[in-house]
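In the numbering used here, the protein residues as written are 15 to 127.
Hints are computed from structural coordinates only; laboratory data are not their basis. Hints should not be assumed to be uniformly reliable.
Across the chosen pairs, the derived CB separations fall in these ranges [unchecked claim]:
id: 1; residue 1: R26; residue 2: N101; range: 40 to 48 angstroms
id: 2; residue 1: S109; residue 2: R26; range: 47 to 55 angstroms
id: 3; residue 1: K76; residue 2: D44; range: 21 to 29 angstroms
id: 4; residue 1: N110; residue 2: R23; range: 35 to 43 angstroms
id: 5; residue 1: K85; residue 2: N38; range: 17 to 25 angstroms
Dumping the calculated DSS-like pairs for lysine-lysine here, alpha-carbon to alpha-carbon at most 25 angstroms [unchecked claim]:
id: 6; residue 1: K97; residue 2: K116
id: 7; residue 1: K76; residue 2: K114
id: 8; residue 1: K123; residue 2: K97
id: 9; residue 1: K29; residue 2: K50
id: 10; residue 1: K104; residue 2: K76
id: 11; residue 1: K97; residue 2: K18
Each residue gets a CB set at the ideal place from its N, CA and C atoms; glycine is no exception.
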Amino acid sequence: MSTKIRLQRKGRKKKAFYTIVVSNSRSPRDGKFIEKIGFYNPNTNPYTISINIDKAVNWLIKGAQPTCTVKSLFLFKGIFFKKYLINGIKKKGFSNLDIKNKFKIWIHKNELY
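Using the sequences and the hints given, assemble the complete structure.
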């Protein structure tokens with residue numbers, strides 16, 4: 015089963031917000047999903063992005079493919095950086111403390127949270 019991480023549209027006309035879900039690639043946009051991992055609201059100023067980083071990284075490691083928009087949100091939140099650090103554990107390049115420290119430094123440098 016091929017899985018995608020994509021946006022699911024919610025809200026009313028002209029006031030849409032989106033939930034970030036993991037779903038089968040053949041299911042419809044607003045259809046069934048496997049797991050909800052966050053939401054994105056472009057209507058607020060500044061816009062709101064809330065993503066469970068651990069769930070997102072877990073699905074990326076399992077092989078789920080993010081869509082283009084979700085990929086840009088993940089880059090903004092540093093999820094691909096955390097996946098890179100976790101892959102460093104498997105290659106014995108980083109320890110768990112190194113990952114936490116490097117990710118905290120990255121968050122502080124980009125001041126996202």
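Hint check results:
1. R26 x N101: 40 to 48 angstroms: 41 angstroms, holds
2. S109 x R26: 47 to 55 angstroms: Given a distance of about 48 angstroms, which is inside 47 to 55 angstroms, the answer is holds.
3. K76 x D44: 21 to 29 angstroms: Given range 21 to 29 angstroms: holds, Cβ gap about 23 angstroms.
4. N110 x R23: 35 to 43 angstroms: 38 angstroms, holds
5. K85 x N38: 17 to 25 angstroms: For K85 and N38 the Cβ distance comes to about 19 angstroms; the hint holds.
6. K97 x K116: 12 angstroms, holds
7. K76 x K114: With Cα atoms ~21 angstroms apart, K76 and K114 stay inside 25 angstroms; holds.
8. K123 x K97: 18 angstroms, holds
9. K29 x K50: 20 angstroms, holds
10. K104 x K76: 14 angstroms, holds
11. K97 x K18: Cα-Cα ~17 angstroms, so holds.
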